[in-house]
Amino acid sequence: MADEQQTELTRAFSGMGGLGVDEAALVSAVARWRRQPEKRAQFRRSFPGFFSASAGAGAGIERCEDEFVAHLEDEFARLRDAAVMWAMHPWERDARWAHHVLMHHHHGYGAAAAALVEVACTRAADDLLGARRSYQALYHRSLEEDVAYRLVKDANANVSSNWLKSRFCEWTLACTPRARSSDELFWLQLLLGLVTAYRYEGDRVSEELAKEEAKALAAAVKSSASGKAKVVQDEQVVRVLTTRSKPQLRATFKIYKELQGKTLEEDFAGEPCLQEAVKCLDSPARYFSEVIHGAFKDGADKQAKAALTRVVVSRAEADMEEIKDAYAKQYGAKLVDVVAKNTHGHYKDALLAMIGK
Amino acid sequence: MATLKVPATVPAVADDCDQLRKAFQGWGTNEQLIISILGHRDAAQRRAIRRAYAETYGEELLRSITDEISGDFEVKPDHTYELVISDRLLCRACSADDGDQRAVILWTLDPAERDAVLANEAARKWQPENRVLVEIACARSSAQLFAVKQAYHDRFKRSLEEDVAAHATGDFRKLLVPLVSAYRYEGPEVNTRLAHSEAKILHEKIHHKKYSDDEIIRILTTRSKAQLLATFNHYNDEFGHRINKDLKADPKDEFLKTLRAVIRCFTCPDRYFEKVVRLAIAGMGTDENALTRIITTRAEVDLKLIAEAYQKRNSVPLERAVAGDTSGDYERMLLALLGHE
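Residue numbers (our numbering), protein chains in the order written: chain A, 2 to 358; chain B, 402 to 742.
Since the hints were derived computationally from the structure, they do not count as laboratory data. Remember, predicted model here, so these are calculated numbers, not experimental data. One or more of the hints may lead you astray.
[Said to hold, decoys possible] Straight-line Cα separation of at most 27 Å, DSSO-like style, residue types lysine-lysine; simulated pairs:
#1 Lys223/A - Lys212/A
#2 Lys247/A - Lys646/B
#3 Lys526/B - Lys558/B
#4 Lys610/B - Lys231/A
#5 Lys325/A - Lys303/A
#6 Lys606/B - Lys558/B
#7 Lys258/A - Lys298/A
#8 Lys658/B - Lys626/B
#9 Lys611/B - Lys231/A
#10 Lys247/A - Lys298/A
#11 Lys247/A - Lys676/B
#12 Lys298/A - Lys342/A
#13 Lys653/B - Lys611/B
#14 Lys212/A - Lys658/B
#15 Lys606/B - Lys646/B
#16 Lys255/A - Lys601/B
#17 Lys216/A - Lys526/B
#18 Lys231/A - Lys212/A
#19 Lys526/B - Lys212/A
#20 Lys231/A - Lys263/A
#21 Lys658/B - Lys705/B
#22 Lys558/B - Lys216/A
#23 Lys342/A - Lys263/A
#24 Lys306/A - Lys255/A
#25 Lys526/B - Lys231/A
#26 Lys676/B - Lys705/B
#27 Lys558/B - Lys601/B
[Said to hold, decoys possible] Which chain B residues face chain A? A few, computed with CB under 8 Å, are given here:
#28 His609
#29 Arg624
#30 Ser625
[To be verified] Cβ-Cβ distance ranges computed for the label pairs, FRET-style:
#31 Thr457/B - Ala354/A: 38 to 48 Å
#32 Asp127/A - Tyr458/B: 43 to 53 Å
#33 Glu590/B - Thr8/A: 29 to 39 Å
#34 Ser542/B - Asp75/A: 41 to 51 Å
Virtual Cβ for every residue (Gly too), placed ideally from N, Cα, C.
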């Protein structure tokens with residue numbers, strides 16, 4: 002019986018096998034083991050991953066690993082983040098997420114930068130503009146300035162310490178003009194174009210134009226396959242993806258598939274920025290269901306797990322029903338079941354409330 | 402400062418509509434009456450007149466001005482009528498040989514609509530020498546530029562960026578699309594270190610003749626106006642001369658001219674527009690499109706400053722130069738907007 006309780010507490014404490022913390026189990030353990038330090042000691046010893054025995058001055062004290070504390074902080078914070086983000090204005094949310102990516106994850110194009118593509122491509126034109134306005138109000142600079150500058154600035158930075166980066170680097174980089182390699186940032190023009198777009202929101206679609214642009218995209222893919230130039234830098238690709246309206250783009254993608262036999266998404270596989278952009282523009286619901294699925298995978302990193310909160314909070318009142326349908330279609334399971342199984346405690350309850358039946 | 406003169410006691414909107422209606426009836430159109438009314442009403446008043454006219458007579462005011470315009474009525478959410486003028490027809494009417502018709506039409510439109518129409522024309526008929534897009538992108542505030550883009554969606558059912566991207570080519574596209582997409586921060590905050598470092602970057606790229614380098618475009622198309630002004634000042638302090646001087650390597654290079662226009666629109670818009678007007682008037686013939694554009698778009702903004710700059714530069718008052726170079730109703734319209742009594 003004690004073992005069962007131990008396991009339950011272990012699970013509750015560590016968020017293992019899921020995201021969030023099982024607050025109820027923790028509190029009941031606290032109550033149950035009141036005035037029983039030996040029970041707590043037993044628990045610590047049975048949990049060698051996070052409480053390690055040490056010798057010398059630390060003998061007899063199962064020391065708590067700092068990594069574990071940091072991990073716990075993240076897990077406890079999930080509910081906080083979900084609640085705070087839920088309460089904010091959608092535009093402010095998007096601005097803060099974008100800012101977070103730019104300030105903390107600006108080393109090249111990683112999974113975190115995908116959040117920028119997500120915001121730029123899945124929000125309505127006026128909502129994207131609202132996010133840009135909110136960004137200006139919060140940070141006194143425009144979003145595009147920071148995207149262009151921060152991603153460029155740190156392409157060559159070698160300093161690893163965060164403190165040094167924030168104090169010293171800015172000064173030295175400011176004084177020495179750097180020779181920046183544009184190869185490293187080949188996706189920057191595309192990203193900037195996506196972030197500053199103000200797309201037409203109506204239904205009007207020109208079939209002729211769609212045909213023409215599908216052909217241009219096909220030519221770009223072909224010429225990049227022969228190694229001549231990176232497809233993400235192709236002028237036509239950037240122009241079409243960053244300026245055309247979404248209905249127009251979907252028509253173009255459809256014709257592309259008819260012409261080439263493969264979807265544009267498949268042909269852009271492995272291209273940073275491009276693949277996400279096409280997915281977000283063409284079928285956001287499917288993209289979001291993939292992101293959610295990624296948060297529950299084994300070995301999902303911090304960004305992937307944080308994405309779960311971001312997607313659920315931002316889409317709860319937008320296209321959550323479509324996301325549920327897309328998820329069921331893609332993974333053969335109901336989203337609510339998967340979320341219930343893989344999250345704990347109040348965080349789980351909050352997510353399920355947002356996802357709805 | 403504006404040159405537009407609005408009478409001290411403005412007639413009631415209904416009276417204005419009445420008079421305008423009379424101007425359209427009978428033989429031909431009484432242009433002088435139209436000019437004497439519309440040429441002395443500000444944007445809000447003109448909007449009210451258009452709305453009242455459509456409600457009273459069931460016809461868009463602009464349609465009455467030229468029979469060439471036709472289109473469908475669209476009832477807007479606030480239950481007013483809005484004539485959705487097909488882009489092709491409006492632009493044909495605007496480029497009608499009748500210079501004064503174009504002036505009156507452009508003047509009557511809301512500032513955002515006007516810029517949208519001008520931008521559409523500039524994009525569709527894009528040429529490297531065309532600076533209209535630069536003017537609209539750089540000599541308007543962020544909010545105004547955004548209003549232009551919204552008006553563009555409404556009128557042309559496409560985004561401004563897509564049209565510019567589809568028609569401009571090469572380096573020009575690389576510069577113009579981000580320029581019109583920008584939503585610059587409007588605050589006064591300036592980061593001096595940044596101004597210093599970006600001035601250095603600009604200098605380096607220009608020195609190596611990499612005029613269309615990503616960095617130059619990034620700086621010019623994303624930084625706030627206050628930040629850019631600080632950067633240009635630092636450039637001057639650091640390198641002993643203004644940035645535009647370094648951009649004069651090849652007098653025939655249109656891209657360099659475009660870059661210089663961008664910078665001038667930020668730093669000294671009234672002098673930039675003075676030059677456009679001067680070149681429009683000077684020599685044989687008159688570039689009516691340019692003259693109309695500057696006068697109608699700046700009459701409620703800073704045409705007074707432009708006129709002062711003109712007089713200073715050419716020792717002739719702008720009104721006199723315009724009167725000397727134009728005639729008839731066209732001249733009357735322009736002079737009315739210049740504040741001529």
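Hint check results:
no. : hint                            : result
1   : Lys223/A - Lys212/A             : holds, 17 Å
2   : Lys247/A - Lys646/B             : violated, 43 Å
3   : Lys526/B - Lys558/B             : holds, 18 Å
4   : Lys610/B - Lys231/A             : holds, 25 Å
5   : Lys325/A - Lys303/A             : holds, 23 Å
6   : Lys606/B - Lys558/B             : violated, 39 Å
7   : Lys258/A - Lys298/A             : violated, 30 Å
8   : Lys658/B - Lys626/B             : holds, 20 Å
9   : Lys611/B - Lys231/A             : holds, 21 Å
10  : Lys247/A - Lys298/A             : violated, 31 Å
11  : Lys247/A - Lys676/B             : violated, 41 Å
12  : Lys298/A - Lys342/A             : holds, 13 Å
13  : Lys653/B - Lys611/B             : holds, 16 Å
14  : Lys212/A - Lys658/B             : violated, 36 Å
15  : Lys606/B - Lys646/B             : holds, 14 Å
16  : Lys255/A - Lys601/B             : violated, 47 Å
17  : Lys216/A - Lys526/B             : holds, 24 Å
18  : Lys231/A - Lys212/A             : holds, 23 Å
19  : Lys526/B - Lys212/A             : holds, 23 Å
20  : Lys231/A - Lys263/A             : holds, 19 Å
21  : Lys658/B - Lys705/B             : holds, 26 Å
22  : Lys558/B - Lys216/A             : holds, 23 Å
23  : Lys342/A - Lys263/A             : violated, 36 Å
24  : Lys306/A - Lys255/A             : violated, 32 Å
25  : Lys526/B - Lys231/A             : violated, 31 Å
26  : Lys676/B - Lys705/B             : holds, 14 Å
27  : Lys558/B - Lys601/B             : violated, 42 Å
28  : His609                          : violated, 11 Å
29  : Arg624                          : holds, 6 Å
30  : Ser625                          : holds, 7 Å
31  : Thr457/B - Ala354/A: 38 to 48 Å : violated, 54 Å
32  : Asp127/A - Tyr458/B: 43 to 53 Å : violated, 34 Å
33  : Glu590/B - Thr8/A: 29 to 39 Å   : violated, 56 Å
34  : Ser542/B - Asp75/A: 41 to 51 Å  : holds, 43 Å
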